[in-house]
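Residues per chain, in single letters:
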Amino acid sequence: MPMAMSDDIILATEGLTKDFKGFTAVDDVTLRVRRGSIHALIGPNGAGKTTCFNLLTKFLEPTRGTITYNGRNITATKPTDVARLGMVRSFQISAVFPHMSVMENVRIALQKKRGESFDFWRSERTLDTLDDEVRNLVGAVGLGDFVAAKAVELPYGRKRALEIATTLALDPEMLLLDEPMAGMGHEDVERIAALIRRIAANRTILMVEHNLSVVASLSDTITVLARGRVLAQGDYATVSKDPRVIEAYIGAGHG
Amino acid sequence: MANVSTTVAAGVAPASGGDRTRTLHRAIFIGLALMLAVAPFLVYPVFLMKVLCFALFACAFNLLLGFGGLMSFGHAAYFGMASYVSAHAAKVWGLTPELAILAGTAVAMVLGAVFGALAVRRKGIYFAMVTLALAQMVYFLSVQAPFTGGEDGIQAVPRGRLLGLISFADDRVLYYFVMAVFMGGLLLIYRVIHSPFGQVCKAIRENEPRAISLGYRPLHYKLAMFVLSAGLAGLAGATKAIVFQLASLTDVHWSMSGEPVLMTLIGGIGTVFGPIAGALVVVSMQNYLAHLGAWVTVVQGGIFILAVLIFREGIVGFIAGRLKQQL
Chain S
1 MPMAMSDDII LATEGLTKDF KGFTAVDDVT LRVRRGSIHA LIGPNGAGKT TCFNLLTKFL
61 EPTRGTITYN GRNITATKPT DVARLGMVRS FQISAVFPHM SVMENVRIAL QKKRGESFDF
121 WRSERTLDTL DDEVRNLVGA VGLGDFVAAK AVELPYGRKR ALEIATTLAL DPEMLLLDEP
181 MAGMGHEDVE RIAALIRRIA ANRTILMVEH NLSVVASLSD TITVLARGRV LAQGDYATVS
241 KDPRVIEAYI GAGHG
Chain H
1 MANVSTTVAA GVAPASGGDR TRTLHRAIFI GLALMLAVAP FLVYPVFLMK VLCFALFACA
61 FNLLLGFGGL MSFGHAAYFG MASYVSAHAA KVWGLTPELA ILAGTAVAMV LGAVFGALAV
121 RRKGIYFAMV TLALAQMVYF LSVQAPFTGG EDGIQAVPRG RLLGLISFAD DRVLYYFVMA
181 VFMGGLLLIY RVIHSPFGQV CKAIRENEPR AISLGYRPLH YKLAMFVLSA GLAGLAGATK
241 AIVFQLASLT DVHWSMSGEP VLMTLIGGIG TVFGPIAGAL VVVSMQNYLA HLGAWVTVVQ
301 GGIFILAVLI FREGIVGFIA GRLKQQL
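First to last, the sequence lines map onto chains S and H. Mapping the first sequence onto my numbering, position 174 (from 1) lands on 174, and the numbers just tick up by one. Mapping the second sequence onto my numbering, position 113 (from 1) lands on 113, and the numbers just tick up by one.
It cannot be assumed that every hint is accurate.
Using 30 Å as the maximum straight-line C-alpha spacing, the simulated DSSO-like pairs for lysine-lysine come out as follows [said to hold, decoys possible]:
| no. | chain 1 | residue 1 | chain 2 | residue 2 |
| --- | --- | --- | --- | --- |
| 1 | S | K113 | S | K78 |
| 2 | S | K113 | H | K202 |
| 3 | S | K150 | H | K324 |
| 4 | S | K21 | S | K78 |
| 5 | S | K113 | S | K150 |
| 6 | S | K112 | H | K123 |
| 7 | S | K150 | H | K202 |
| 8 | S | K150 | H | K123 |
| 9 | H | K50 | H | K91 |
| 10 | S | K112 | H | K202 |
| 11 | S | K78 | H | K202 |
| 12 | S | K78 | H | K123 |
| 13 | H | K123 | S | K21 |
| 14 | S | K113 | H | K123 |
| 15 | S | K112 | S | K150 |
| 16 | S | K78 | S | K112 |
Think of the hints as simulated: they come from the structure by calculation, not from any bench.
Isolated chain S (complex conformation) (with noise of 0.2 Å):
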């Protein structure tokens, strides 16, 4: 491989493969997401998008296989140390904390910049000067008018947002949504598409997304899986003319 085309490549696999007592979920997986693209992972229920998801963050261990990132080999880095990095993941079920109020939400990765927060000695209030940086981040979601509601408190596609805020406030290089339209209204799913293209403008995004009309209008490159292996890879109009993927899909029950 040529370096230039190394180079513009942040994350990639060789062979990643994950078996569970004899089901291999994710099969001989070779990925390669270019620098500054929307990269969504598509595919039918079970085809091993989330277990994908899971071994890249590192919160899975691959069976074999390596994973690449900045050129740099994270196939046995801890998932805290991946996150240090610069890739950062969203989670399936809101991950939010659900008894803070969304201020204290989004600062706790803010709080992140100052290094570890093991100054038990000092007044929380010395997080004040974070306040600024918090509403900002808050406002660009959309969630400015609810920084004092608890988490818990806040509907769906509300939290979604609270939770992109969270992870952009981190500033990562590369952020990987673990379906973040899932269960979202229509009026939602617009915001937060919106809202991902805003943040893709400098950096990198690699989703898994049911939602083929969003992952349509967002992604620059679509990899297809099926039953742990990769079935198609390219930009929307190659892949959905792939009779490979359709029949995947159409053979699943999907339309």
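Keeping the supplied structure of chain S fixed, place chain H upon it in accordance with the hints.
Frame of chain S, contents of chain H only:
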């Protein structure tokens, strides 16, 4: 226009709400200090000192359970070991009481660091079992080791003179020292909860995978919380040894680990002031129902069951719920 005003209201609410809570807490701290200051003129000071030592012990336990999310069933190890070390330091080494107490606290923290490092890798009931098993090892060691005095314990520990100057022979003088230790410990706990560190611990308790994905290492924070809690439990135990001039196997026995559990449950888990109320109730029962003999345990057990079944949020938790305030 209406929209703008709700925006402002929502935006301002957390700051003023936080300020109101802060003011309320400050008032409670001052009220508590005033009450404690006059209490020895109304109530027997030794009884009060017992309440304060156990209240600090329960608060230390509650720091770990209510704010660290870790249920320890081995806090007697830190309480009891600190009690032994403090008694030994005062009696055998002839240290002044404040140095003896510091020595006990330091040993409890070291013990907490070692035990904590082993225990925080486990969660829930497994964490509780590991802490219990380790505490039982400390008990066994205390039965066997010569320095603890075995069944006799360390008796006739001198109360000594504070900084070598002020005699603690008078119960009331010692009482004000114990009160200062207690208030200091309580203020430290309050600060820990409301610190940047406390915020991260809260986040870990609420959603650990998410905290990891933000780049925090939960084990380090849990261990730090564990060491703080063990140290404060040690401070309580070490002070108790000076007050009663005694360190014994009772202090390291597993039933001693149960005391702060009961007190915290009665007072309210995860409240700042609950364990104090719980300690007052439990120690009062033990003292004033002493004539019932073995029945005290039965009464305690009954209260424990009632608390679990119908009074889950505890005394202070119940009041906090009514006032819609954190206490």
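Check whether the Cα positions of K113/S and K78/S lie no farther apart than 30 Å.
holds (19 Å)
Quick one, are K78/S and K123/H close enough, alpha carbons at most 30 Å?
The hint holds at about 19 Å.
For the pair we were handed, K113/S and K123/H, check the Cα-Cα distance against 30 Å.
Since the Cα atoms of K113/S and K123/H sit roughly 28 Å apart, the hinted pair holds (cutoff 30 Å).
Given the hint that K150/S pairs with K123/H, test it: the Cα-Cα distance must not exceed 30 Å.
holds (26 Å)
Proposed proximity, K202/H with K112/S (alpha carbon, max 30 Å):
Satisfied, since the Cα-Cα distance of roughly 14 Å is no more than 30 Å.
Regarding the pair K78/S and K202/H, is the alpha-carbon distance no greater than 30 Å?
Cα-Cα ~22 Å, so holds.
Given the hint that K50/H pairs with K91/H, does the C-alpha gap stay at or below 30 Å?
holds (21 Å)
Restraint status (C-alpha distance of K123/H to K21/S at most 30 Å):
Holds, at about 25 Å.
When you check the alpha-carbon spacing of K78/S and K112/S, does it fall within 30 Å?
holds (17 Å)
Agreement of K150/S and K202/H with the hint, judged by alpha carbon distance not exceeding 30 Å:
Between K150/S and K202/H the Cα gap is close to 14 Å, so the pair holds against 30 Å.
Within 30 Å, alpha carbon to alpha carbon, are K112/S and K150/S?
Holds: K112/S and K150/S sit about 21 Å apart, inside 30 Å.
What's the verdict on K113/S and K202/H, does the C-alpha distance respect the 30 Å limit or exceed it?
OK: K113/S and K202/H at ~18 Å, within 30 Å.
Consistency with the previously given hints is maintained throughout, with no hint failing.
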